[in-house]
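Q: So the chains spell out like this:
Protein chains: 2
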Amino acid sequence: MNFPSKLIEGAVEELAKLPGVGRKTALRLALHLLKEESEETFQLAEALVKMRAEIKHCQQCHNISDTDICSICSNPLRDRSLLCVVSDIRDVIAIENTAQYKGLYHVLGGVISPIEGIGPSDLHIESLLERLPKSEVKEIVLAISPTMEGDTTGFYLTRKLRDANVRITTIARGVPVGGELEYTDEITLGRSIVERTNYGKV
Amino acid sequence: MNFPSKLIEGAVEELAKLPGVGRKTALRLALHLLKEESEETFQLAEALVKMRAEIKHCQQCHNISDTDICSICSNPLRDRSLLCVVSDIRDVIAIENTAQYKGLYHVLGGVISPIEGIGPSDLHIESLLERLPKSEVKEIVLAISPTMEGDTTGFYLTRKLRDANVRITTIARGVPVGGELEYTDEITLGRSIVERTNYGKV
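For the record, the sequence lines run as chains A and W. Residue 202, in the UniProt record's numbering, is where the first sequence stops; the numbers in between run on with no holes. Residue 202, in the UniProt record's numbering, is where the second sequence stops; the numbers in between run on with no holes.
One chain only, chain A, in its complex shape:
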């Protein structure tokens, strides 16, 4: 693609590095910014730079944070006996948005994936094991996506946590709310029957 301006070409090339943004989308975004007030672009750029330069990772749970210890870890109202282990920051946000969980988190920063060269030492597993004895945690909730890599990570963690004297649970698998039985895959449907719960239970 030829551009009439080196300036727009530079912006398009940078925007096209973002995931899911091709050169056509990048051009659309750049032209949008050119149509809007320049203040819009400056605010966007400032917010990105500020975020990248100033954001921290919580020293305890590795969640992103504005402070050394994140707002969840430092909240006295959270249940310190519950620890939810997730692979990614996005999972923390997703679970927080359900408003159903009041415990603490631990973000692994990925899952074990030999294909991508990610081993246990690349994840925040060591810090999880170090954190436990000093904590009041009685139950660890593994909330890792049920993929091959996720299950491997879960299996590795349960072995590592065998001697930790905590209950290990995992999020329920089953037919999604609003999902139709007919279109649910066999493994999920099978598990939802084996792990059936009392009708009244929410």
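Take these hints with a grain of salt, some might be off.
Pairs involving identical chains hold if they fit within one copy or between any two copies, as the list cannot separate such chains.
[Stated by the list, open to error] With a straight-line cut-off of 25 angstroms between C-alpha atoms, the simulated DMTMM-like cross-links for lysine to aspartate or glutamate are:
1) Lys102 <-> Glu9
2) Lys160 <-> Glu136
3) Lys138 <-> Asp151
4) Lys138 <-> Glu126
5) Lys102 <-> Glu130
6) Lys56 <-> Glu37
7) Lys50 <-> Glu36
8) Lys24 <-> Glu39
Just so you know, these hints were derived from the structure itself, not from any lab. It should be emphasised that the depicted structure is a prediction, and the values quoted were computed from it without experimental measurement.
Given the coordinates of chain A, work out where chain W should sit on it, guided by the hints.
A: Chain W in isolation, oriented as in the chain A frame:
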């Protein structure tokens, strides 16, 4: 959506102002930037700010440009007897990418749309009419999208250009290359028959 950090919330809010970017996508982009080297974010921000602050519009054709007169208008190899009228900068880029057009351009900056409150005076029509007598233009190619608004704009222009002593043409309408007759709409197919060309003509 609750965010664990005000910094990421700020970035997500700014990113979500971009067209086609919702809050979920914005979060994905922000988290991507956090995973990459901070240099990536700084380069993106700098490219956007630089583009917005320094880009100009060509004083002659209103295309975006790094200089007062754009690289197309100032190129001595372009055919100055041909002037292609388009509604948007994107159309210039699209036509340039075909490498089939060697004339000049005039960017209207939109189309006449009473619903959106865009009248002829909001477009670069006056500057087109002023530009013509001083130019060597012999043919004006109207390359405006064949929508209701586009056709209205084209009709308005042909009336305004009636006394300009230039040939007025428009881009060919017909079945797209690679398109199947069966799936072509009736108006396009009808026009492609009425305006049929010699078989050997490319």
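Q: Which earlier hints turn out false for this structure, listed by number in ascending order?
A: When the structure is compared with the hints, none of them turns out to be violated.
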